[in-house]
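**Q** Model the full structure from these sequences, guided by the hints.
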Amino acid sequence: MSGHDPMIHICDDWISIKLPDWKTILAAQNALSASSHWTEIVPGLDSIAVQFDPALLSPDDAARMASDQMKNLTRVVSHSSATVVIPVCYDAALAPDREYVAEKLGIAAAALPSWHASQLQRVAMLGFMPGFAYLESEEECPAIGRLASPRQLVSAGSIGIIGRQSCIYSFDSPGGWPIIGRTPLRLFDPAKNQPALLAAGQTVRFQSITKDAFDNWQREEKA
Amino acid sequence: MSITVLKAGLQTTLQGAPFTGSRHLGMPAAGAADCLSLALANFLIGKSCGEIAIEITLTDAIFEFDEPCLIAVVGAAEYVRINGQDHPQHQPLKLMAGDKLDIGPSRPGCRTYLAIAAEIHADGLLGGQSTYLAAGLGGFHGRALKAKDIIPFSQVAPAVDLDRSTPLNLRPHYSNDHVLRVTRGPEAVEACEGVMDDLCLRPYAVGARANRMGLALEGAPLSKNDSANMPSAAVFPGTIQLPPSGQPYLLGPDAQTTGGYPRIAQIIRADRHLIGQLGSGSRIQFVHITAERATEIHREKLSLMSSWLGQINLW
Chain X
1 MSGHDPMIHI CDDWISIKLP DWKTILAAQN ALSASSHWTE IVPGLDSIAV
51 QFDPALLSPD DAARMASDQM KNLTRVVSHS SATVVIPVCY DAALAPDREY
101 VAEKLGIAAA ALPSWHASQL QRVAMLGFMP GFAYLESEEE CPAIGRLASP
151 RQLVSAGSIG IIGRQSCIYS FDSPGGWPII GRTPLRLFDP AKNQPALLAA
201 GQTVRFQSIT KDAFDNWQRE EKA
Chain Y
1 MSITVLKAGL QTTLQGAPFT GSRHLGMPAA GAADCLSLAL ANFLIGKSCG
51 EIAIEITLTD AIFEFDEPCL IAVVGAAEYV RINGQDHPQH QPLKLMAGDK
101 LDIGPSRPGC RTYLAIAAEI HADGLLGGQS TYLAAGLGGF HGRALKAKDI
151 IPFSQVAPAV DLDRSTPLNL RPHYSNDHVL RVTRGPEAVE ACEGVMDDLC
201 LRPYAVGARA NRMGLALEGA PLSKNDSANM PSAAVFPGTI QLPPSGQPYL
251 LGPDAQTTGG YPRIAQIIRA DRHLIGQLGS GSRIQFVHIT AERATEIHRE
301 KLSLMSSWLG QINLW
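Just so you know, the sequences run in chain order X and Y.
All the letters of the first sequence, read from the start, carry residue numbers 1 to 223 under my numbering.
All the letters of the second sequence, read from the start, carry residue numbers 1 to 315 under my numbering.
It should be emphasised that the hints constitute simulated quantities derived from the structure, not laboratory data.
All residues carry an ideal CB built from backbone N, CA and C; glycine is no exception.
It cannot be assumed that every hint is accurate.
Computed footprint of chain Y on chain X; a stretch qualifies when at least three of its residues, placed anywhere within it, have a C-beta under 8 Å from a C-beta of chain Y [said to hold, decoys possible]: (1) 6 to 12; (2) 34 to 46; (3) 91 to 105; (4) 142 to 149; (5) 169 to 177.
**A** In structure tokens form, the structure reads like this:
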């Protein structure tokens, strides 16, 4: 295992590669996807990992292959550049941490929806649960932090925020992010060809909707 | 044709091969926690190693069959009884309509697999049918089985030799004491210089928090640097994380796809099936080896097992 790139870490059936920024990560994901050797290609926030079958590939060969495939990365965003609009209801009934977050930001709770919906967000990665999206805002934002004790149940579609980072819960699950709204969209639908609504690299904008619109939408989604 | 669950036990799910190729969507592996026991059970009734079977955890479970059927049981169960009569593991067993199959508690160990020579009707997604409990996907309506559940299946005439029996030297030894081999994780040095030595110095015990998602380990806490959290990065079943408590956390088959705790070590692929037999109180001695050695061990194990099972994949 001598002489390989120090930014590459090798385990026996996966390797992790540190990368400088999200554009490089996307380009790497794109380049690695062209190879049939990787059983998984998983972007992180400052790295990407590939998994392989150790019956077919040795760790050293895998590392060499990944390095080769990531030479001369072309920085093209592989996904559609169209911004995905996500409807969100910021009504207090669906936003238990509205007041808490507004106070941390030093704004009125009533101003929170327009503040949040005005920002352009980028999907940094999916993780935690199928379709669960980690988003990063283009704008600076004071740190808000996670809840002191996580909730046992956060509803699917809930929008969490801890500062520049927001997230969208894809399933009912435990969770520790302060919640400021909920989308009626399904983040993960196994019946669809592309089950995840979002993908790393996409840009997202939230659009404030009323509670009535949310209820109608959810009824239609379930129908 | 169907199986009726008379007693479901602590956590009984439909599990087969893991989901692959969808971790970038946040979809975990799921699948049989002990893929080797699953493969052995499936082979006895003529199925390939990753087909769907019933995974039974810790406590006993009882099933009733409404049609004659061929089954096999492999795992940590203390006993297998048909209508109260003891029967062995590691060979095909013939059930008649109305027979009650009682699979005893898994001890020592944690899980037992019931393979059925029939096509079990399970929910499919992303090319797999295993159960992923946290999101309620796959398997039997995405959940663990409950008493009175009826699992439908289609009869398939099994073309197997009823005298088939797992060779003694290939039967797993179920225990509460495990030696698990690990390679260094990406943050082993950043998290704490010498953390691998400390991890492998003393035995750890599996704590009360132990399920398909992960196992909290108890033992001498590992010291670490202040940078407790790192930017989230990929994790896999068998990754050992170091949370702020200093007590290592071992990820299981249902573990999430990314995590923000330092990844200090990785259980080698060849030993990962043993994670499925770890339960609260199990003792673990970690042994640090290189990735190259891990690959050799994996290939040796595959070659040994394929002498009996033919084409086999361990995950």
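**Q** Any hints from earlier that this structure breaks? Give me their numbers in increasing order, please.
**A** Those not satisfied are hints 3 and 4.
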